[in-house]
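Asks: Chains A and B, in that order, give the protein sequences.
Numbered according to our numbering, the first sequence spans residues 1 to 304.
Numbered according to our numbering, the second sequence spans residues 1001 to 1296.
In case anyone wonders, no lab produced these hints; they're calculated from the structure.
Please note that a few of the clues may not be correct.
Listed next, the in silico DSBU-like pairs over lysine-lysine satisfying Cα-Cα at most 35 Å (straight line) [to be verified]:
| # | chain 1 | residue 1 | chain 2 | residue 2 |
| --- | --- | --- | --- | --- |
| 1 | A | K126 | A | K291 |
| 2 | A | K291 | B | K1105 |
| 3 | B | K1218 | A | K243 |
| 4 | B | K1218 | A | K291 |
| 5 | B | K1218 | B | K1106 |
| 6 | A | K213 | B | K1045 |
| 7 | A | K121 | B | K1218 |
| 8 | B | K1246 | A | K213 |
| 9 | B | K1045 | A | K291 |
| 10 | B | K1009 | A | K213 |
| 11 | B | K1246 | A | K153 |
| 12 | B | K1009 | A | K121 |
| 13 | B | K1218 | A | K126 |
| 14 | A | K153 | B | K1045 |
Taking CB as the label site, the calculated pair distances span [said to hold, decoys possible]:
| # | chain 1 | residue 1 | chain 2 | residue 2 | range |
| --- | --- | --- | --- | --- | --- |
| 15 | A | P66 | B | V1053 | 49 to 57 Å |
| 16 | A | I283 | B | F1202 | 35 to 43 Å |
| 17 | A | T205 | B | K1050 | 45 to 53 Å |
| 18 | B | I1280 | A | I134 | 15 to 23 Å |
| 19 | A | F77 | B | T1282 | 24 to 32 Å |
| 20 | A | P66 | B | F1202 | 39 to 47 Å |
| 21 | A | P66 | B | I1280 | 18 to 26 Å |
Residues from chain B that keep clear of chain A, each with C-beta distances beyond 10 Å, as calculated [said to hold, decoys possible]:
| # | residue |
| --- | --- |
| 22 | A1084 |
| 23 | P1156 |
| 24 | M1251 |
| 25 | F1255 |
| 26 | I1284 |
Heads up, the beta-carbon is just placed ideally off N, CA and C, and yes, glycines get one too.
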Amino acid sequence: MAHISDTTPVSVGAGSLAHSRGATWRDRIFPFWNLVFLVILAATMIVPFLNVLAVSVSGPLASSRPGIHLWPEAFTFEGFRTVWVNVGLERAFVNSVIVTSIGTTLHVILASLAGYVLIQKDLPGKKLLVAFIIGTMAVPSELIMIPLYVVMKQLNLLNTLAALVISGLVSGFSILLMRNFFAGVPYDLAESARIDGASDFRIFTNIYLPLSKAGVATIALFELVGRWNQFLQVILFINDSSKYTLQVALQTLVTENMSTSGTSMVTPNVRMAGIIIAILPLIAIYPFMQKYFVQGISLGAVKE
Amino acid sequence: MRNTIRLMKIHAALYVMLIPVIIYFLVFVYYPLVRGVQLSFQADKLFGPKPYVGWDNYVTAWHDPEFWQVVRNTLIIGVGSLVAGFLPPIIIAVALNELLQITFKKFVQTVVYLPHLFSWVVIGGIWIYLLTPSGGLVNEIIKRLGGTSVGFLTDPTWARAVMILLPVWKGMGFAAIIYLASITSINPTLYEAARIDGANRFQQIYQITIPLLVPTMKVVLILDVLGLLRTFDQIYVMRNAVIQSKIDVLMVYVFDTGITNFKLGFASAVSVMVLVATLIITAITTVISRYEDQGG
Chain A
1 MAHISDTTPV SVGAGSLAHS RGATWRDRIF PFWNLVFLVI LAATMIVPFL NVLAVSVSGP
61 LASSRPGIHL WPEAFTFEGF RTVWVNVGLE RAFVNSVIVT SIGTTLHVIL ASLAGYVLIQ
121 KDLPGKKLLV AFIIGTMAVP SELIMIPLYV VMKQLNLLNT LAALVISGLV SGFSILLMRN
181 FFAGVPYDLA ESARIDGASD FRIFTNIYLP LSKAGVATIA LFELVGRWNQ FLQVILFIND
241 SSKYTLQVAL QTLVTENMST SGTSMVTPNV RMAGIIIAIL PLIAIYPFMQ KYFVQGISLG
301 AVKE
Chain B
1001 MRNTIRLMKI HAALYVMLIP VIIYFLVFVY YPLVRGVQLS FQADKLFGPK PYVGWDNYVT
1061 AWHDPEFWQV VRNTLIIGVG SLVAGFLPPI IIAVALNELL QITFKKFVQT VVYLPHLFSW
1121 VVIGGIWIYL LTPSGGLVNE IIKRLGGTSV GFLTDPTWAR AVMILLPVWK GMGFAAIIYL
1181 ASITSINPTL YEAARIDGAN RFQQIYQITI PLLVPTMKVV LILDVLGLLR TFDQIYVMRN
1241 AVIQSKIDVL MVYVFDTGIT NFKLGFASAV SVMVLVATLI ITAITTVISR YEDQGG
């Protein structure tokens, strides 16, 4: 049966190879069920989000009514207005933007500087530095949350946004990722610049950074998402609700009526509007994400 | 020696570049690590100096039934998610790879990856809402199908199942894309050869794709195992008083005892035990995967 497809002049292209290989009857049924499977799979992802979106733009009464909400009822942006102004998500949103932007910028700068240092071939003490940096990767931040709290307290940083910027200021993962990107830049290029009298910093900014834009983008995007979603550090270091970030403000909102009572002042449309606000920035950077993250994972997985 | 000093002088600027990084790691990783171990040997006193009490905190934890309950919960939920989440991403990756329709393939890829991008507050918030007994989407569907509504987050058994399955739902798209990346790097001539030998599509998947995915499976499994003891956000966001005792995990317990109840020494002792367990697990997985690499 296999030769039938060999002799049939099927179209040429990326997909045609897969299409033509071994065409038994089972192979003809397979694509159909495969498609059905993937449609159902996609539905388990889309339906919940569609539900959230539909409820967020429904009226307070309509959203509280039992039933399947996959389409807005009594369409209104009232939920968004309530959550932004009355519930005060605006303040938390601004805090999140501050922490995320400053934190990500510093993270990228520090990780690239350190990554650059690590590719130098004749740097005395480099082995020690590498061990020092890799050692930090064996210590998950969750496992030192108690002493971290104590340290922040000693430094008088509790209840400040600075504490949030500082935690995760740089990471061994990002440093190694940048080092792996920089290692792909021809060393001769740097050598010849050095002979021409360029300083290390100049070589870094004028040769290495421009040639490693993908690396910078990768860690910037990783960090952006991580920072935006940061949760444990916020509940650990912040008590004052005016310093809450979006995730923590949202948490008190969405989990409020989960206890058995069910008597919540906040209607579902308001809560779902909060969720939409929290995910919109991530959806905005998502197209860029996809391009870089597989690359990031494969490079990051490279062992020392 | 002189040569080393000469090189250090040449690279002085490089050392300066590293100073902030070194300070950060010293103050916010290594020092807390040491301080955590120190705290674990100190008594919990709110005021005044804290006396050293030897292994007291460890002994207290060891004899605390709540500690063991939390260990049990961590293992049940962690291993449950690990097992339940192993096959789905592989199946999804293979299914996506077999798909000829490029636009639809891209679409599915995008959609399944989305939950991984969002925080546990978002995912937890959505599912708390979807699983509400009165008016939640899931129970509405169950009722339409003729069933009675289920208190998914008020019944401890159901709650555990939800805690096991949600990370699978959240993470399978992410893992699937890692698998898909390694499937696409498989040499197409292998399939070509198999096809000439008369292998049908299932045989090709079984004999070529799956065996060649084993190294990726190892990487994904190791990452999952390492994350197992660190679960926090998910449980913290989704727990409530009714189900708490059946779903609270180690890190939530550390947070509760250490930060909420201010038993810093006790919580540190639990953290140090988890840290040691993590290091042992890391060592074991590394040895196993090395051994297998050599054997296979």
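Asks: All hints are to be evaluated individually against the structure, with a verdict given for each.
Replies: Checked hints:
| no. | hint | in the structure |
| --- | --- | --- |
| 1 | A:K126 - A:K291 | 32 Å, holds |
| 2 | A:K291 - B:K1105 | 15 Å, holds |
| 3 | B:K1218 - A:K243 | 41 Å, violated |
| 4 | B:K1218 - A:K291 | 24 Å, holds |
| 5 | B:K1218 - B:K1106 | 26 Å, holds |
| 6 | A:K213 - B:K1045 | 52 Å, violated |
| 7 | A:K121 - B:K1218 | 32 Å, holds |
| 8 | B:K1246 - A:K213 | 47 Å, violated |
| 9 | B:K1045 - A:K291 | 52 Å, violated |
| 10 | B:K1009 - A:K213 | 30 Å, holds |
| 11 | B:K1246 - A:K153 | 33 Å, holds |
| 12 | B:K1009 - A:K121 | 15 Å, holds |
| 13 | B:K1218 - A:K126 | 30 Å, holds |
| 14 | A:K153 - B:K1045 | 16 Å, holds |
| 15 | A:P66 - B:V1053: 49 to 57 Å | 55 Å, holds |
| 16 | A:I283 - B:F1202: 35 to 43 Å | 37 Å, holds |
| 17 | A:T205 - B:K1050: 45 to 53 Å | 48 Å, holds |
| 18 | B:I1280 - A:I134: 15 to 23 Å | 18 Å, holds |
| 19 | A:F77 - B:T1282: 24 to 32 Å | 49 Å, violated |
| 20 | A:P66 - B:F1202: 39 to 47 Å | 45 Å, holds |
| 21 | A:P66 - B:I1280: 18 to 26 Å | 50 Å, violated |
| 22 | A1084 | 14 Å, holds |
| 23 | P1156 | 13 Å, holds |
| 24 | M1251 | 5 Å, violated |
| 25 | F1255 | 7 Å, violated |
| 26 | I1284 | 14 Å, holds |
Hint check: violations occur at hints 3, 6, 8, 9, 19, 21, 24 and 25; the rest are consistent with the structure.
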